[in-house]
Amino acid sequence: MSQLHQNLTSAMGKGISLTLTPCMLLLGLMSLGGCAETINESQGTAITLVPVTQTLSLDAGDKGLKGAKREIADFIQVNKALIATQGISLTWRSESGKALADFSVQQASSAGLLASQFAIAQAQDKGADISLSLTEYRVLTSVCDYPSIGKFGAGDSSCFVDNARWQSMVNPQNNLPKQQVAK
Numbered sequence: 050m051s052q053l054h055q056n057l058t059s060a061m062g063k064g065i066s067l068t069l070t071p072c073m074l075l076l077g078l079m080s081l082g083g084c085a086e087t088i089n090e091s092q093g094t095a096i097t098l099v100p101v102t103q104t105l106s107l108d109a110g111d112k113g114l115k116g117a118k119r120e121i122a123d124f125i126q127v128n129k130a131l132i133a134t135q136g137i138s139l140t141w142r143s144e145s146g147k148a149l150a151d152f153s154v155q156q157a158s159s160a161g162l163l164a165s166q167f168a169i170a171q172a173q174d175k176g177a178d179i180s181l182s183l184t185e186y187r188v189l190t191s192v193c194d195y196p197s198i199g200k201f202g203a204g205d206s207s208c209f210v211d212n213a214r215w216q217s218m219v220n221p222q223n224n225l226p227k228q229q230v231a232k
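At position 129 of the sequence shown (counting the first as 1) the number is 178 in the working numbering, and the numbers step up by one without a gap.
Just so you know, not all the hints are guaranteed correct.
Claimed, not checked - Using 35 Å as the maximum straight-line C-alpha spacing, the simulated DSBU-like pairs for lysine-lysine come out as follows:
| no. | residue 1 | residue 2 |
| --- | --- | --- |
| 1 | K118 | K175 |
| 2 | K118 | K129 |
| 3 | K175 | K115 |
| 4 | K175 | K112 |
| 5 | K147 | K175 |
| 6 | K175 | K129 |
| 7 | K118 | K147 |
| 8 | K129 | K115 |
| 9 | K147 | K129 |
| 10 | K115 | K147 |
| 11 | K112 | K147 |
| 12 | K129 | K112 |
To be verified - FRET-style restraints, in silico, Cβ to Cβ:
| no. | residue 1 | residue 2 | range |
| --- | --- | --- | --- |
| 13 | N212 | L114 | 31 to 37 Å |
| 14 | D151 | Q173 | 17 to 23 Å |
| 15 | D111 | W215 | 20 to 26 Å |
| 16 | W215 | A170 | 32 to 38 Å |
| 17 | V192 | D123 | 34 to 40 Å |
| 18 | L163 | D123 | 17 to 23 Å |
| 19 | S159 | V188 | 31 to 37 Å |
| 20 | S191 | R119 | 29 to 35 Å |
| 21 | A164 | N212 | 36 to 42 Å |
Calculated from the structure, these hints are not laboratory results. Built from N, CA and C at the ideal position, the CB exists for glycine as well.
Put together the whole structure using the sequences plus the hints.
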């Protein structure tokens, strides 16, 4: 240590003495380490499942039996994929409603759906002759805050990545490139 002391004093000039003790060296290194930024650990994203219910209620007297059957066929065709995965609830209240319920099951089976995907019940209260209801659960992810300059690591830095991961699991078809259809 005395060799270092002699070299430093000769380098600094006459009359100035600088000694480095191990304690001073340790304090200097600790003060430099205290300036480093800390990065928070990733906690993952919070998701919310939201039920979205679609209901079709029809009276055979309003549009006639033929018009009601056409609307039921359109409803089943449009929501075929959702009925296949989630099922559908069907409630009828009158004799014409019972005929429309039978038609709904027949229409669904001709579209390739199973009769077991229909939960059919007779309602005693007043209302439409037939009511078809299906529920789809959608995933909502949290809104991410934009990072700000000088605040690196202070917020959740993985929010965008976690949200993209959830969206890719829920809607994998959106990650595929769109195919150009030749006309």
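Worksheet item: Checking against the hints above, which ones are violated?
Response: 13, 15, 20
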